[in-house]
Amino acid sequence: LHTNAVIFAFGGCVLMATGFYIVQRTGATKLWSNTMAWFTFIGWNLIIVLAVITLPLGLSSGKEYAELPWWVDIMIAVVWLSYGFNYIMTIGIRKTSHIYVSNWFTMGMIVMITYLHVVNSMAIPVDMFTAYSIYSGVQDAMIQWWWGHNAVGFYLTGGFLGIMYYFIPKQSGRPVFSYRLSVLHFWTLTFGYVWLGAHHLQYTALPDWTGSLGAAVSLAMIIPSWGGAMNGMMTLSGAWDKLRTDYILRFLVTAMAFYAMSTFDGPVMAIKSVNALSHYTDWTVGHVHAGALGWMSMISFGALYHLVKKLWNTEMYSDKLVNIHFWIALIGAVTYIVAMWVSGIMQGLMWRDYDEYGTLTYTFVESVSAMHPYYVMRAVGGAIFNLGTWIMLFNVVMTIRQAGAVRGVNAVAARA
Numbered sequence: 001l002h003t004n005a006v007i008f009a010f011g012g013c014v015l016m017a018t019g020f021y022i023v024q025r026t027g028a029t030k031l032w033s034n035t036m037a038w039f040t041f042i043g044w045n046l047i048i049v050l051a052v053i054t055l056p057l058g059l060s061s062g063k064e065y066a067e068l069p070w071w072v073d074i075m076i077a078v079v080w081l082s083y084g085f086n087y088i089m090t091i092g093i094r095k096t097s098h099i100y101v102s103n104w105f106t107m108g109m110i111v112m113i114t115y116l117h118v119v120n121s122m123a124i125p126v127d128m129f130t131a132y133s134i135y136s137g138v139q140d141a142m143i144q145w146w147w148g149h150n151a152v153g154f155y156l157t158g159g160f161l162g163i164m165y166y167f168i169p170k171q172s173g174r175p176v177f178s179y180r181l182s183v184l185h186f187w188t189l190t191f192g193y194v195w196l197g198a199h200h201l202q203y204t205a206l207p208d209w210t211g212s213l214g215a216a217v218s219l220a221m222i223i224p225s226w227g228g229a230m231n232g233m234m235t236l237s238g239a240w241d242k243l244r245t246d247y248i249l250r251f252l253v254t255a256m257a258f259y260a261m262s263t264f265d266g267p268v269m270a271i272k273s274v275n276a277l278s279h280y281t282d283w284t285v286g287h288v289h290a291g292a293l294g295w296m297s298m299i300s301f302g303a304l305y306h307l308v309k310k311l312w313n314t315e316m317y318s319d320k321l322v323n324i325h326f327w328i329a330l331i332g333a334v335t336y337i338v339a340m341w342v343s344g345i346m347q348g349l350m351w352r353d354y355d356e357y358g359t360l361t362y363t364f365v366e367s368v369s370a371m372h373p374y375y376v377m378r379a380v381g382g383a384i385f386n387l388g389t390w391i392m393l394f395n396v397v398m399t400i401r402q403a404g405a406v407r408g409v410n411a412v413a414a415r416a
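Here our numbering is used: position 106 in the sequence shown is 106, and no number is missing along the way.
Note that these hints are calculated values from the structure, not bench results. Virtual Cβ for every residue (Gly too), placed ideally from N, Cα, C. Any given hint might turn out to be false.
Said to hold, decoys possible - Once the Cα atoms are required to be at most 30 Å apart in a straight line, the calculated DSSO-like pairs of lysine-lysine come out as: (1) Lys310 - Lys320; (2) Lys272 - Lys95; (3) Lys95 - Lys170; (4) Lys170 - Lys320; (5) Lys320 - Lys272; (6) Lys310 - Lys30; (7) Lys242 - Lys170; (8) Lys63 - Lys272; (9) Lys309 - Lys170; (10) Lys272 - Lys30; (11) Lys170 - Lys63; (12) Lys95 - Lys320; (13) Lys309 - Lys320; (14) Lys95 - Lys30; (15) Lys310 - Lys242; (16) Lys310 - Lys170; (17) Lys30 - Lys320.
What the hints assert, rightly or not - If you anchor each label on the Cβ, the simulated ranges turn out as follows: (18) Thr29 - Pro175: 17 to 25 Å; (19) Pro175 - Thr389: 29 to 37 Å; (20) Leu360 - Val126: 38 to 46 Å; (21) Ser318 - His2: 27 to 35 Å; (22) Thr96 - Cys13: 23 to 31 Å; (23) Val365 - Glu315: 19 to 27 Å; (24) Ala77 - Pro175: 22 to 30 Å; (25) Ser318 - Cys13: 21 to 29 Å; (26) Val397 - Leu360: 29 to 37 Å; (27) Val338 - Val365: 33 to 41 Å; (28) Trp38 - Ser369: 50 to 58 Å.
Work out the full structure, taking the sequences as your base and the hints as a guide.
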């Protein structure tokens with residue numbers, strides 16, 4: 001439930017909201033269908049409610065990032081297609097000749113997630129809450145992680161890169177540093193990411209070459225990923241002084257730093273010798289949260305603050321609270337991630353330690369006990385980060401209240 005809430009409830013709503021905003025602004029047009037947009041909004045949130053009901057009751061398919069019952073999977077496909085169709089049709093009626101790079105990332109996400117979700121979710125229903133995958137054995141594992149890692153690659157990376165390429169130039173008042181590099185970034189991610197899923201299955205029953213291929217392509221993906229991160233950073237060339245006073249820009253730039261860090265950490269963990277230590281440990285949890293708390297959340301916070309100001313044509317209720325939120329979120333995220341990195345490495349070392357007789361030095365219970373201080377540190381970091389989101393919620397609500405109902409009606413006419 002926690003994973004689905006972060007990825008699909010929070011992340012999905014951010015992607016759809018910013019996607020519909022960006023496609024209108026970059027295309028100088030209105031949405032192709034407001035009715036379909038409302039259908040997407042209502043349908044997606046209905047799916048979230050169903051997840052809240054079914055998952056705590058243990059009604060799960062058992063597939064990571066695809067736990068929901070088979071009939072909810074069908075609902076996801078229909079709602080997602082409505083979003084994608086409306087988005088692409090809006091591009092079709094654009095009044096500009098050029099398709100901005102943010103739209104390429106979003107369209108790539110739409111196409112690939114549709115394909116991945118449908119193929120991975122194919123199953124034979126038995127009853128309302130039970131269905132068996134049409135795949136079995138190693139094929140099922142391979143298809144699952146082909147979906148699992150590309151949900152990260154195209155949904156949590158590609159979609160949010162589309163957000164980055166729009167909101168960093170907008171907030172900084174500077175053009176993208178290198179548009180050619182952004183296009184290269186898109187195509188290398190599109191053709192490279194689909195190969196990475198097998199690195200989740202090192203030292204399993206899968207053929208060894210699949211894990212080696214996944215590791216090799218993972219390492220190669222550092223180059224375009226860091227190129228995209230540098231492109232975002234260098235967009236601020238000549239405007240770095242704005243970081244002293246523009247708290248929203250701080251979120252966006254910090255997100256790029258976490259993106260660069262995560263796209264180095266992940267490929268390193270894909271190396272077989274490193275994976276032998278890191279797999280099944282909290283190191284993986286730290287890596288995932290570097291992406292979720294550092295990259296996805298930070299870029300979302302910055303984009304949402306920007307949107308609130310533009311849509312309601314007003315300043316934030318309190319810039320001081322935006323600054324406080326930034327520092328609280330950063331401290332909470334770093335505390336959480338560092339705790340998991342340290343505990344993960346300790347776990348791996350303890351599990352692999354043998355005495356002179358060739359038996360394990362530590363029992364599993366001893367390894368769990370040794371993690372206690374880091375789990376406390378993790379809880380503290382998570383609580384601090386969560387406090388920041390409540391501060392943001394208060395600030396946004398007060399900003400909308402001060403803007404007034406009339407400005408809400410005229411939001412569509414707000415300057416991009």
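For this session: Of all the hints given earlier, name the ones this structure violates by number, lowest first.
Result: Checked against the structure, the hints that fail are numbers 2, 5, 10, 11, 12, 17, 23, 24, 26, 27, while the rest are satisfied.
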